[in-house]
Amino acid sequence: MKTPKNDVYTVSRLNGEVRQLLEGQLGRIWLNAEISNFAAPGSGHWYLTLKDNFSQIRCAMFKGRNQAVTFRPANGQQVLVKGNISVYEPRGDYQLIIESMLPAGDGLLAQQYEALKMKLAAEGLFATDTKRPLPANIQKIGVVTSPTGAAIRDILHVLARRDSSIEVIIYPTPVQGTDAAKSICDAIHLANSRAEVDVLLVTRGGGSLEDLWSFNDEGLAHTIYNSGIPVVSAVGHEVDMTISDYVADLRAPTPSAGAELLSKDADNKAQKLLAQLSRLKQAWQHYQLKKQSQVQTVEHRLQKQDPQRRLQMYEQTFDEMQLRLQQAMQTKLHAHTLKQQNLSNRLANQSPQHRLTLETQRLSYLSAKLNDAMDDKLKMSEQRLAHRAQQLETVSPLATLSRGYSITLTGEGKVVQEASDTNIGDTLTTRLRDGNVTSTVIEVSKYS
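If you want my numbering, it's the position in the sequence shown, counting the first as 1, plus 34.
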């Protein structure tokens with residue numbers, strides 16, 4: 035069977051088309067996982083593996099993106115990342131090109147916040163043409179907040195200073211915790227059912243993202259949007275932006291600023307200026323959201339043909355080869371180190387110095403053994419000598435002399451044993467225990 039030429043793929047062509055397919059179909063995704071195999075070569079790029087209990091995926095985060103990360107990733111750390119699925123063509127592995135990275139706790143909240151913001155913007159809840167103007171002559175203000183917080187004290191202080199004629203009705207509600215969002219919704223519904231105020235100020239003081247999370251609730255956003263009474267949102271500090279700020283008819287940067295917006299000064303110019311400035315900020319934020327969505331769409335289309343992606347792939351290939359080279363060098367160095375240690379040990383075992391040390395130890399041992407043997411031999415000889423001396427002493431003539439006996443010698447030195455051995459006139463020497471006695475024979479007689 036003949037195969038059409040254009041149906042035969044090369045590996046490079048296949049991997050390239052798979053990459054375009056993955057990038058075109060999935061696009062940008064969020065991923066919550068644990069870091070492993072983290073590497074940061076000298077190029078400044080990051081390479082890592084993200085995993086859960088059952089699977090893993092290789093990832094790359096290039097230095098143009100990772101410079102915005104406010105922490106140093108570590109193996110075992112749980113993170114939330116945003117990126118695009120792609121294929122590393124030289125190896126045929128699919129991977130995630132990471133654009134942003136956050137610690138898992140903060141990251142999940144930030145991702146939920148961004149997702150809800152985009153969803154509500156698409157639904158038209160932030161549109162400037164749906165914003166209602168504030169009443170021209172505000173006589174009663176309803177404040178939806180905690181009755182014991184610092185926000186209500188600041189609001190009352192500002193209103194008393196600027197326009198003490200304004201009546202304030204507080205709709206008490208918790209502004210933090212799991213049930214706070216529902217309680218705030220109930221308070222807004224209550225204010226609408228009573229219809230006793232001209233405007234609602236939904237507010238609380240500053241705090242962390244978790245503290246302000248009740249004001250990022252989708253149900254609260256729809257409640258504010260559907261309120262029959264105009265709503266001013268004044269949550270946190272000026273840098274804090276919540277979903278309620280986007281959907282409200284007017285946003286004030288702080289609770290005190292909200293009170294100033296809703297009260298009149300001497301000629302009311304400052305109030306109008308603040309209101310116009312707030313509406314301008316809201317319109318600009320809405321415009322930014324729309325443009326951000328358009329930019330993301332264009333970015334997604336450009337990613338398929340982006341030459342930088344090809345350059346990043348080459349950089350990744352270079353980094354991978356560099357890491358493999360470093361690992362190979364470390365492995366080779368380790369092997370040579372072990373070999374050198376083995377040869378050093380073998381050389382040490384065959385070293386003359388080693389053998390000389392052994393022979394010196396052996397000589398010292400034999401010398402000590404010889405000295406011990408000589409001492410033992412000398413002691414045994416001394417003992418034998420003493421024994422022989424004792425035996426000799428037993429039969430020695432000197433011992434006999436010490437018992438009172440004597441020995442008589444002729445002038446020629448012969449021992450006189452019998453009387454016939456002497457003649458009258460011979461000179462004899464008698465040896466006693468303590469000396470000699472010389473005598474002359476004057477008579478010789480024999481026992482019969």
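Derived from the structure by calculation, the hints contain no laboratory data. Glycine included, every Cβ here is placed at the ideal spot set by N, Cα and C. Hints may contain errors.
Derived lysine-lysine pairs resembling BS3-like cross-links, with alpha carbons at most 30 Å apart [claimed, not checked]: (1) Lys116 / Lys403; (2) Lys97 / Lys403; (3) Lys325 / Lys153; (4) Lys448 / Lys116; (5) Lys165 / Lys373; (6) Lys298 / Lys116; (7) Lys315 / Lys165; (8) Lys315 / Lys298; (9) Lys403 / Lys413; (10) Lys216 / Lys97; (11) Lys373 / Lys403; (12) Lys324 / Lys165; (13) Lys97 / Lys85; (14) Lys480 / Lys448; (15) Lys413 / Lys325; (16) Lys153 / Lys165; (17) Lys153 / Lys403; (18) Lys165 / Lys403; (19) Lys116 / Lys174; (20) Lys411 / Lys373; (21) Lys153 / Lys85; (22) Lys165 / Lys216; (23) Lys325 / Lys97; (24) Lys324 / Lys153; (25) Lys315 / Lys325; (26) Lys174 / Lys298; (27) Lys411 / Lys366; (28) Lys174 / Lys85.
FRET-style restraints, in silico, Cβ to Cβ [claimed, not checked]: (29) Asp409 / His370: 53 to 59 Å; (30) Leu426 / Ser479: 33 to 39 Å; (31) Gly158 / Pro206: 29 to 35 Å.
Structure-based check of all given hints:
Note on Lys116 and Lys403: the hinted pairing is violated, with a Cα-Cα distance of about 83 Å set against a maximum of 30 Å. With a CA separation close to 77 Å, the supplied pair Lys97 and Lys403 exceeds the 30 Å bound. Simply put, Lys325 and Lys153 have alpha-carbon atoms about 15 Å apart, close enough for the 30 Å limit, and the pair holds. Taking the CA atoms of Lys448 and Lys116, the gap is about 136 Å. The hint is violated against a cut of 30 Å.
Distance restraint check for Lys165 and Lys373: the Cα-Cα separation of roughly 79 Å exceeds the 30 Å cut-off, and the hinted pair is therefore not satisfied. Only pairs whose Cα atoms come within 30 Å are accepted, and Lys298 paired with Lys116 is rejected, the gap being roughly 46 Å. Between Lys315 and Lys165, the direct Cα distance comes to roughly 13 Å. Compliance with the 30 Å bound is thereby established for this hinted pair. A C-alpha spacing of about 21 Å is found between Lys315 and Lys298, which places the hinted pair at or below 30 Å, so the restraint holds.
Taking the CA atoms of Lys403 and Lys413, the gap is about 15 Å. The hint holds against a cut of 30 Å. Between Lys216 and Lys97 the CA atoms are separated by roughly 43 Å; this puts the pair beyond 30 Å, and the hint is violated. Restraint check for Lys373 and Lys403: the C-alpha separation of about 42 Å exceeds 30 Å, so the hint is violated. Distance hint between Lys324 and Lys165 is fulfilled; the C-alpha atoms sit about 17 Å from each other, no more than 30 Å.
For the hint linking Lys97 to Lys85, the alpha-carbon distance of about 22 Å falls within 30 Å, and the restraint holds. The suggested pairing of Lys480 with Lys448 holds, with an alpha-carbon distance near 19 Å, which does not exceed 30 Å. In summary, the hint linking Lys413 to Lys325 is not supported, as the alpha carbons are separated by about 115 Å, beyond the 30 Å threshold. A C-alpha spacing of about 18 Å is found between Lys153 and Lys165, which places the hinted pair at or below 30 Å, so the restraint holds.
Annotation: proposed proximity of Lys153 to Lys403 is violated, straight-line Cα distance about 99 Å (limit 30 Å). Annotation: proposed proximity of Lys165 to Lys403 is violated, straight-line Cα distance about 112 Å (limit 30 Å). Among the hinted pairs, Lys116 with Lys174 is inconsistent with the structure: their alpha-carbon atoms are about 46 Å apart, more than 30 Å. Taking the CA atoms of Lys411 and Lys373, the gap is near 54 Å; set against the 30 Å cutoff, the hint is violated.
The hinted pair formed by Lys153 and Lys85 meets the criterion: a straight-line CA distance of about 29 Å does not exceed 30 Å. Pair hint Lys165 plus Lys216 holds up; C-alpha atoms about 23 Å apart against a cutoff of 30 Å. Among the hinted pairs, Lys325 with Lys97 is consistent with the structure: their alpha-carbon atoms are about 26 Å apart, no more than 30 Å. Of the pairs offered as hints, the one joining Lys324 and Lys153 holds, with about 12 Å between alpha carbons and a cut-off of 30 Å not exceeded.
Proposed proximity of Lys315 and Lys325 is supported: the alpha carbons are some 15 Å apart, at most 30 Å. Distance check on the hinted pair: Lys174 and Lys298 sit about 13 Å apart at the alpha-carbon level, within 30 Å; holds. At roughly 64 Å between alpha-carbon atoms, Lys411 and Lys366 are farther apart than 30 Å, so this suggested pair is violated. Of the pairs offered as hints, the one joining Lys174 and Lys85 is violated, with about 56 Å between alpha carbons and a cut-off of 30 Å exceeded.
Range check, Asp409 to His370: about 55 Å between beta-carbon atoms, so the 53 to 59 Å window is met. Separated by about 36 Å at the C-beta atoms, Leu426 and Ser479 satisfy the suggested range of 33 to 39 Å. The beta-carbon spacing between Gly158 and Pro206, approximately 32 Å, falls within the hinted interval of 29 to 35 Å.
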